[in-house]
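Student: Put together the whole structure using the sequences plus the hints.
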Amino acid sequence: MSAVLADMPKSDMPKSDMSKPVAPATTKAIAPSKGDRPWTFYVLATLFSLYVVALYGPMFCIYVLSFQDIRGGLVFPMKGHSLHWFVDLFTQVRTGDVKGSFDRSIKLAVIVTIITVAVSFLAGLGFRKRFRGDTLVFYMMIGSLVAPGLVLGLGTGLLFQALGLNASWYTSALGAQLSWTLPFGVLVMFAVMSRFNHVWEEAAYDLGASRWQSIWLVMIPVLAPGLVAVALFGFTLSYDEFARSLQTAGSLNTLPLEIWSMTLNVTSPSLYALGTVTTIVSFIVIGASLGTIVLIQKKRGSQAKG
Amino acid sequence: MQPSSSSAQTPSRANLAGWLYVSPLVLVLVPFFVAPILVVLAASFFATDGFGGLTPGFTLASYVEVLHSAPTLKLYLATIKFTVLTWVFTLIIGFFVAYFLVFHVRNQLLAIGLFLLCTVPFWTSNIIRMISWIPLLGKEGLINQALLAMGAIHQPLEVLLFSDLAVVIAYVHQLTIFMIVPIFNSMARIDKKLIEAAIDAGASRFDIMRLIVVPMSKSGIALGTIFVVSIVMGDFFVVKVMSGGGSASVVSAFYEDVGVLQYPTAAASAVLLTLVLVAIVSLILRTVDIRQEITR
Numbered sequence: 388m389s390a391v392l393a394d395m396p397k398s399d400m401p402k403s404d405m406s407k408p409v410a411p412a413t414t415k416a417i418a419p420s421k422g423d424r425p426w427t428f429y430v431l432a433t434l435f436s437l438y439v440v441a442l443y444g445p446m447f448c449i450y451v452l453s454f455q456d457i458r459g460g461l462v463f464p465m466k467g468h469s470l471h472w473f474v475d476l477f478t479q480v481r482t483g484d485v486k487g488s489f490d491r492s493i494k495l496a497v498i499v500t501i502i503t504v505a506v507s508f509l510a511g512l513g514f515r516k517r518f519r520g521d522t523l524v525f526y527m528m529i530g531s532l533v534a535p536g537l538v539l540g541l542g543t544g545l546l547f548q549a550l551g552l553n554a555s556w557y558t559s560a561l562g563a564q565l566s567w568t569l570p571f572g573v574l575v576m577f578a579v580m581s582r583f584n585h586v587w588e589e590a591a592y593d594l595g596a597s598r599w600q601s602i603w604l605v606m607i608p609v610l611a612p613g614l615v616a617v618a619l620f621g622f623t624l625s626y627d628e629f630a631r632s633l634q635t636a637g638s639l640n641t642l643p644l645e646i647w648s649m650t651l652n653v654t655s656p657s658l659y660a661l662g663t664v665t666t667i668v669s670f671i672v673i674g675a676s677l678g679t680i681v682l683i684q685k686k687r688g689s690q691a692k693g
Numbered sequence: 003m004q005p006s007s008s009s010a011q012t013p014s015r016a017n018l019a020g021w022l023y024v025s026p027l028v029l030v031l032v033p034f035f036v037a038p039i040l041v042v043l044a045a046s047f048f049a050t051d052g053f054g055g056l057t058p059g060f061t062l063a064s065y066v067e068v069l070h071s072a073p074t075l076k077l078y079l080a081t082i083k084f085t086v087l088t089w090v091f092t093l094i095i096g097f098f099v100a101y102f103l104v105f106h107v108r109n110q111l112l113a114i115g116l117f118l119l120c121t122v123p124f125w126t127s128n129i130i131r132m133i134s135w136i137p138l139l140g141k142e143g144l145i146n147q148a149l150l151a152m153g154a155i156h157q158p159l160e161v162l163l164f165s166d167l168a169v170v171i172a173y174v175h176q177l178t179i180f181m182i183v184p185i186f187n188s189m190a191r192i193d194k195k196l197i198e199a200a201i202d203a204g205a206s207r208f209d210i211m212r213l214i215v216v217p218m219s220k221s222g223i224a225l226g227t228i229f230v231v232s233i234v235m236g237d238f239f240v241v242k243v244m245s246g247g248g249s250a251s252v253v254s255a256f257y258e259d260v261g262v263l264q265y266p267t268a269a270a271s272a273v274l275l276t277l278v279l280v281a282i283v284s285l286i287l288r289t290v291d292i293r294q295e296i297t298r
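These protein sequence lines map, in sequence, to chains A and B.
My numbering applies: residue 388 is where the first sequence begins, and numbers increase by one.
My numbering applies: residue 3 is where the second sequence begins, and numbers increase by one.
Hint data in this document are derived by calculation from the structure and do not stem from the laboratory.
Mixed in with the good hints there might be a few duds.
No farther apart than 20 Å at their CA atoms in a straight line, the calculated lysine to any residue pairs in the SDA-like style are these [to be verified]: (1) A/Lys486 / A/Ala616; (2) A/Lys516 / B/Glu142; (3) A/Lys466 / B/Glu142.
Short derived list, chain B residues pointing at chain A, Cβ under 8 Å [what the hints assert, rightly or not]: (4) Asn17; (5) Arg131; (6) Leu167.
Quick caveat, the model's predicted, so the values are computed rather than measured.
By construction, the Cβ of each residue, glycine as well, lies at the ideal position given by its N, Cα and C atoms.
Tutor: Here is the structure:
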């Protein structure tokens, strides 16, 4: 917390305010640990609730509408209920190769996740200390993050074309996606590492640990929840990546590309069924990740006790 | 360049170690960010035979064409309009949602739970989240049905879907999370004692907001702004779908150009857009040193 206080002069706090007569301010506390809620609490609570409703409302509509029967349409009222559109989604040729693209997207996301975690972790370690040219690498990363995905995708596609290589989801699309997940991963790593207490690392060195031992035995276990967070970021960013994959995926689509082409030519609740399925998959992934974090914490807790 | 303090390394060894750690990152970014950007840059100076074939050379024809065509200005104005509107709404909502979670929810577990509640929809496909507005905003959608039933309108409103309004709604729906997360992060690190001290010193709630909370959330706001601005300016499919083809943005025009194999003009407009983005982002980075704030 001392770092926060050290920042105080930067927060433009006028010194003159300090010398003003001090008024009793107990009722004006913005976050008191006791006492009545100020009126702003109710205003902000309402805003928050409205935000959550707007966030979930539309999505629940499509989940509900995807369970209609064969007469179903794209809008309410709901017509009957069945699993017709889910069956339709995976069996009909006209809705495209959902199964194949789904498969590819999951595989691609897993590969991207593994690479993102490993590379972001190493880069995070590298950026802890200044080195000649670190700013260049940092700006390269920011550039990769903000560059329009479609432009970068086109550039990668043209590059592969010029080099005589075939674009495919596991080469050019993989690279294009990494150019987007890695900057995110490294930025998250910065935040994670800023909370790492260097004393533990120093202690490991003092006890004779080598650099790699201190990384494997001290840093990785301590930072594990943060690494899971990076993994989660990597997975979902890749699973959902569209613009960068468009020109780089080659002849076989990933899931977002498939959804995109569906929005252009399918006007049935199949589209909504796909939304429901992808959401379920996401929830399984998040559930597994959060479960891992809880498991790690529990294990650590019991180790500390025993 | 400060020498590393913990171990007795010479500066050159520290440099080598740093580069070793970031080398995998660089090995991905060079072929998949630097090289593609250079390819696009090169393509913008090439001539074309009109059938997708590129003739290596150096001509500014594509830039002249892009800069001289009347639609370019219109596209930029449209893109800037969407960007500014989205930025304003996501910033207002994001800031106050983060503020509410950090300073008003007293139970920390509840705050984290509510925070997760906000992030969950982020795990669903963007495209799916976008089309989820159709049953609501459509001509026969829920909002029109409700308004008709209430007698507030007699004809379904057409402006709700396939309009600029729908585009901004979809963007705000998708991107507010990019504001909430970084702002929440930087706000959560504000020491509560600082605020108590300010209260004791007689600061009003507005003073605290203006003099402590906003300045200390600056890095979060800057990071969120970079995310939102670069995503909106680099996006095309929200504009394409939610406006029903009625509006266009710089990137959607780029997409059309690529579709008809007009690579040089597409590349030229991409280079211009990237320059605009670089200018905006470096302006933000100049005001707030994100790296310093994140790693502190």
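Student: Next, verify each hint and record whether it holds.
Tutor: Status of each hint after checking the structure:
1. A/Lys486 / A/Ala616: violated, 28 Å
2. A/Lys516 / B/Glu142: With a Cα-Cα distance of about 59 Å, the restraint between lysine 516 of chain A and glutamate 142 of chain B is violated, given a limit of 20 Å.
3. A/Lys466 / B/Glu142: holds, 15 Å
4. Asn17: holds, 4 Å
5. Arg131: Since chain A brings a Cβ to about 6 Å from arginine 131 of chain B, closer than 8 Å, the hint holds.
6. Leu167: Violated, because the Cβ-Cβ distance from leucine 167 of chain B to chain A comes to roughly 14 Å (cut-off 8 Å).
In this structure, the hints that do not hold are numbers 1, 2, 6, in rising order.
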